[in-house]
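Protein chains in written order, with the numbering used here: chain A, 2 to 217; chain B, 2 to 276; chain C, 88 to 780.
Keep in mind that the hints were calculated from the coordinates and are not lab data.
Using N, Cα and C, we set each Cβ at its ideal position, and we do this for glycine too.
Take the hints with a grain of salt, since some may be wrong.
[As the list claims (entries may be wrong)] From the derived model, a few chain C residues whose C-beta atoms are all more than 10 Å from chain B:
hint: 1; residue: Ser400
hint: 2; residue: Leu423
hint: 3; residue: Ser439
hint: 4; residue: Leu495
hint: 5; residue: Arg627
[To be verified] Among chain A residues calculated to face chain B with C-beta under 10 Å, some are:
hint: 6; residue: Arg49
hint: 7; residue: Leu52
hint: 8; residue: Thr85
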Amino acid sequence: MGRGQGVGAFFSALVAFAVGVTVMLSLLLGDNPALFGDRPGSDELARRIALPGDVLLRLIVIFLALSIVIGIANLLFVHVSRLTSGKFYSAVLLASFGFTIYWYVTRRGDTSLLEAVQLPIESALAALLFVSLVHGSSRVMGKRNDIWGLLFVAVVVVVLLASLPLAELAPVKAWSDWLMRIPVSAGVRAMLLGIALGMVVTGVRAVLGQDRSYRG
Amino acid sequence: MDDTTLQVYSVLFVLATVVLVYTARYFGARRARRRAQRQIAGFDALPGWAEGAIESSRPLHLAFGSAGVGEDNTAVALAEAEFFHHVIQRVGAGDVSPIISTSAAATVPLGQDTLRRGWQRGGALTRTQWYPQGRRSIGYAAAVSGVIESERPSAHIFAGSFGSELALMIDSAARRGQGSLAVSDQLQGQAVAYAMADQALIGEELFAAASYAAEDGRAPADAMVMDVWRALLIMGMTVVLLLEVAKQMPWLSWPAVAVASLVLLGLGLLVYRRR
Amino acid sequence: MNEEFNWLEYSESVERAAAEAEENSGRRGLRRFLPGRPKLPRFPNILRRLKLPRLSRPRWPGLPSLPGLPRMPRLPGLRRKAQTQESVQPSTAELLGGQTNRPVEELDDRLRALRERSASGMMGAPPAPAPNQSLLDVDEVLVSPAFQQKPGGVISAVALTKAQQQQVEMLKDIVGGPLGTQESDGRRLPRPTSVFSLSALPRVLGTALLALFVSLPFVSSDFAEGELPPVEFDEDRNSATTFYNLLDNIARDDYILVAFEYGPAAAGELDMLAELLLRHIFAQRATPLIVSSNPIAVVHAQNIIREINRSLSDAHAPLTADEDYYLLRYLPGGALGLRELSENFGDIARVSARGQLTGLEFASLQEMTLMVLITDSAEDLRSWAEQVLPEVTDMQLLVATGFAAQPLAQAYADSVEGVMGPVYGMRDAYTYGEKLHANFSALDPSPPEQEPIVEPVQASDGADGATDSNAVSEPQIERDGPTALPAVSASPEATATSAATETSQPTSTSAPTDTPAPTATEATLLAVEVTSPQRVNIRRGPTTVDDVLALGYPGDLFEVLGTNGDGSWYQIALDNGLEGWVAAFLVEERVITASELAGEETNDSASLPRERAVMRLDFTFRLGKNQPRFYQAQAPAPGDRTELVLTRDRSQEVPRLQAMTLGTLAAVLVIVIGNLFYAARGLLRRRDSSGAR
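Chain A extracted, bound-state conformation (with noise of 0.2 Å):
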């Protein structure tokens, strides 16, 4: 824990702490009697010790799914304090917000807004999307004007060319199978390792209360 931090953040660092502890304690010793050897309460005592851990990880994923009303507020509240300073987007967003609100209060159930708004908007903009790629991925050498610049570019050529159905391309296939197989796959083992290291340090220091949100 840092410095000047009050009663509060005392607090709440305690709280964090015992929480994280009770729920790792239960992830990790819960359900599996065989770590408390052949005793006969070994059942009992097991059960009894995933149980907190459970009970706080409903909690959470309650917490989650009441965490969309914050969104909404949120969303709201940014936009309406957006919309004195005469953002015009922000004033389409309010709108159609409340023009869904109207439309799902008196057509009970009814998601055809959702299909004929929102499904063909978002697809259009995954269509744009592949042409977002294609142009990034044609200025890598502009950014990235050095050997790893190129090497990205020839990878992303051949495995595209080897994902075209075309005969003549069948060595290509041969070197993109190889790509994926091996370095590619290292390589994305690779960084989920780097990542899952990360995750656990920085779960453990936030579980140790070292935390910045802990501080005052």
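Dock chains B and C against chain A, hints included.
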């Protein structure tokens, strides 16, 4: 490996991490100033962007993506909050507070808290902006493109959880001449970040970001612990690999294996130190 | 629209400067960022110098001549330096330099004023007053006109060193570029690209090319490029075939958990596959329970089902929610939500996506027959494999993914027990559709008295005649779920022959009885079980110097294909279609009867130890993957709604595939051309800068 063994190893791993974190804190505090961190190009751009934001009186945009408190990428959200905290402190001399956006509703309070703590100078504070919803949200990408158009941020830091929809945002920013630093814990987002962003971080750099962004060079303990684990992991994998190789080649003598491992270890250390 | 300080340009110029510094000093890679580089003097200092009237020749007395990336001055530094300065001049430069001794509340106004002024200055406002003029003249004074004409190529006509030139560049960046008007010098501050500007041309052309290529196949069939996907999965993709067969072995009233984990971004790629999987399930009158951790995806699933309903003619009853299918409430919390699903499935199945009661009562996830995951990301697969799969036993997770997630999905399928597939992308969807269509159209209508059966040696596309003969002569198994197994052949030899899965070639040797019940079919299979306490090597040949093909783990069962001369090695069948050899002292022979294999519902954990039960399943899949005779596409059952498969509109499939091919070609074209251009530009710049040196 059965469940029990796995659980025992997990407990040991977590306990060891706890010990390492405290040890690193202790030693880190003693020689915080002298510790030289490996240079990462992405972070070198930060001071420039912070100053750019101040001098152009435009906000910096910090995006969590779908990194959500309470979800499996909670650690990502926490690490990025720490990172953003330092970034916000850097732009604290300006008169426009940064914009924080997220597509995970549970991250809104975290984002707002980060803003409030980092933005010490008082004055108008922006609200963290949430756009619906969840992983790989195209809606979020579209809304952020709108923010890019209407708020004209000076630069963007996309650090959190993004899928391929990151391309829409970075592209939109690039067309308006706004720089971007990007990193994601999702592989597709990471690929897009590398290809399209001006600066990209990779893998665990996402979690070390805070110690790089901190102006006073504090908080390198996490980075140190991660380094230690990573080094151990690499060594472990190397040893296992060598053992496997040795097993496949019965004609291979033990001295040869030992020499090969030493050479590999040396090479690894060399590469590690040279970075 | 105001012109604004372009930070992209700025960062590019920093990179450029860094690259040049690197060339100068021979410091490469990350080393150029190493500490110890010289700092640019704080710029208020420079500004003061610039304002000196005698600065008619380029002179940089304050600048160090050491190369290196200049560090941006920090604002607090600016404040400190400028404390001694009066800030009465309203110019940008003054304001920038004069952010001093600030009472905080004053600062805001001035910074705001600065913004307005600098913005208006860039937009071609009246020329700035005199002190600004000296700043405006930075280019003229310090650098030759060549400097201006060659953006990026810093060519010095006067005696500036490289490092000094970089610092000039930096300086100009710091003060927001030359404060000239748009007309006089627009190169540093381009407008955000508008569609009609020249700089947007490559983008517009690229987009047009993409759009053209993608739409051509829909306009004319002359642009049919590329081969269509095969109608059967390739032989080396047993896992995909198993995927299909597993889904084809479900029975009426089975519940299938279908996870829709993709949003609209992947709809183009995965919709077709998702629709086919749903049709396949519906056609067999099984009931999909659709879940998702993405709220939009649930709605999307409903949309797909609505499409299916639209394709049905009036004669057929449409699929109805909460009867033919269930859309369950969405699972918040990512992995935590999935954990909740696996542990409290009963609660989740009780409430539909609309918040109404479904009337479903399940004790656990175990009551599902299969789980199908349709996702565009490997992360979702990881969550499912980690959170849900360990909570159920003897259940398979069939994985359908997008192209991008395929490599990792394949790794999961290869290494994680219970993960099947992946079937991925549009091409697999086409193959799946063809298989499905062939299966349901060729054998429809089926004789009403024909029970749904699995023919052990009958290939999926068996001819009509074969079905007749087999229906009576072959052992028959009820369609009662994916783990329902047919009888197995009587001897290893027979197995070996039937493994070839010749179509319409029933192996009469292996047809023991006419009894339909699986328990009565006492055909046996010779297998070996790994009894060594540690894993064993399975080699290419019966010697220890042969390559290791695979590893066997304690308890694994492998079908025996033969032995070597002295019986010290067994030849066994592997799940990837290969045959391998394992040393006899590491394994024990087991004779597996069909009832042991197929009697899931009768004995199971009672008669077999738990490990064996699991391994039996494993064995099933080894065989299933290896020899499709155990899991074959079945003839539709009498109650099946074949129309749900056959009414599918397939007219757009081929053009879509061709559009994908052409679109990919266009993408490759755009990417290659674009990168060649940028690579060439980079090379030219490097040559320029080295030439200048």
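*List, from low to high, the hint numbers that the structure doesn't satisfy.*
Structure breaks hints 2, 4, 6, 7 and 8.
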